[in-house]
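Enquirer: Listed below are the residues making up each chain.
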Amino acid sequence: MAVQVRIPTPLRRFTGGAEQVGAAGATVGNVVDDLERQFPGIKEKLCKEGQVQRFVNIFLNGDDIRFLSNLDTGVKDDDELSIVPAIAGG
Amino acid sequence: MQVELDNEKARAGSGDVAARLARARVLVIGVGALGSPAAWHLAAAGVGTLLLVDPDRVELSNLPRQLLYDDACIGRLKVDCAAERLRARFSGPRVEVSATQVTADNAAALIATADFTIDATDGARVKFAINDAAVTVRRPFCHAGVLGFFGQLLTVHPGGGACLRCLFPVAPDDGEVATCRQAGVVGPIAGIIGALQAAEAISALLGEPRAGGLLTCDGRTGRWRRIALRRNPRCPLCAPEAVEDRQVCYGS
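Taken in order, these protein sequences are the chains called U and S.
Sequential numbering from 1 applies to the first sequence in the numbering used here.
Sequential numbering from 91 applies to the second sequence in the numbering used here.
It is possible that some hints are incorrect.
With a Cα cut of at most 20 Å, we get these calculated SDA-like pairs of lysine to any residue [stated by the list, open to error]: (1) K45(U) - L11(U); (2) K48(U) - V260(S); (3) K48(U) - D77(U); (4) K45(U) - A108(S); (5) K45(U) - A202(S); (6) K45(U) - D77(U); (7) K45(U) - R177(S); (8) K48(U) - Q272(S); (9) K43(U) - D170(S); (10) K45(U) - K76(U); (11) K76(U) - D263(S); (12) K45(U) - L296(S).
Derived by calculation from the structure, the hints in this document are not laboratory data.
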């Protein structure tokens, strides 16, 4: 499945500045793996030991994947994933 | 005369609006890049009492984005300089100061004294301490964070929508999430978000809270997004069954 992934500002250094990229996969986890294939180094900012990093949230079409099936959540064509990090500056 | 005219403008609208704001007490934790515009707009709007809390002293590097300060403030306590500026500019509000660091140990007592709290701090751990305390003592507050050209804001009302722990059940360590001191922020972005925090406070004080959700601002693309958030039924802080374990979560 081909989905659109919104990349937050702190991670755009991996995507060459792109705020939205396409990625493929049947599940959110697969999509993250595809992001890693395209943009090496990004996965460790998103996942650790098979779980979403504790300072990152992933939304599928506006739903927090922790309310769904986490990284096993299925995705379909044209779904939108948003990555929302904790932002602590002030 | 100038100050009187400003106060008249600030109090435009019904007398009830002005009276409500004049009775209110707002806590601003952090008087830096976010807290400077937030405190300014609250004072201008006629909020009756502002309590400014910040342990830091003004540094030269603060000046481009912490607009309450100038060269003469360098080395002085931020809360003292901020209070002087606000008192000189606005005759209305009473400005109280506390040059202390907010932690899990003192946050609840502070927040419980206020009608609304603005989290304008620079650091992950203190932001979660504020969230935990505000939820525990059931006081509304506005969380915000800025970095580079990006900012996001979440207002939490007691018994209302998601809190910060609904999003991030385990608080990141300070080293895992960059602060403005470490990574910088574009001043205008902090200005916008800090001003919005004041707007959130004013809305809440007038009994007209905003729609809710996480509001994000990308200053590079000009794109604003609102991400609707649901309370996490397994939130370690605000889920009903979490009450007994709340102290385990608080500040950790």
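Enquirer: Evaluate each hint against the coordinates.
Expert: The hints, checked one at a time:
no. : hint             : result
1   : K45(U) - L11(U)  : holds, 8 Å
2   : K48(U) - V260(S) : holds, 14 Å
3   : K48(U) - D77(U)  : violated, 26 Å
4   : K45(U) - A108(S) : violated, 47 Å
5   : K45(U) - A202(S) : violated, 36 Å
6   : K45(U) - D77(U)  : violated, 24 Å
7   : K45(U) - R177(S) : violated, 45 Å
8   : K48(U) - Q272(S) : violated, 24 Å
9   : K43(U) - D170(S) : violated, 45 Å
10  : K45(U) - K76(U)  : violated, 24 Å
11  : K76(U) - D263(S) : violated, 34 Å
12  : K45(U) - L296(S) : violated, 41 Å
In this structure, the earlier hints numbered 3, 4, 5, 6, 7, 8, 9, 10, 11, 12 are contradicted, and the remaining ones agree with it.
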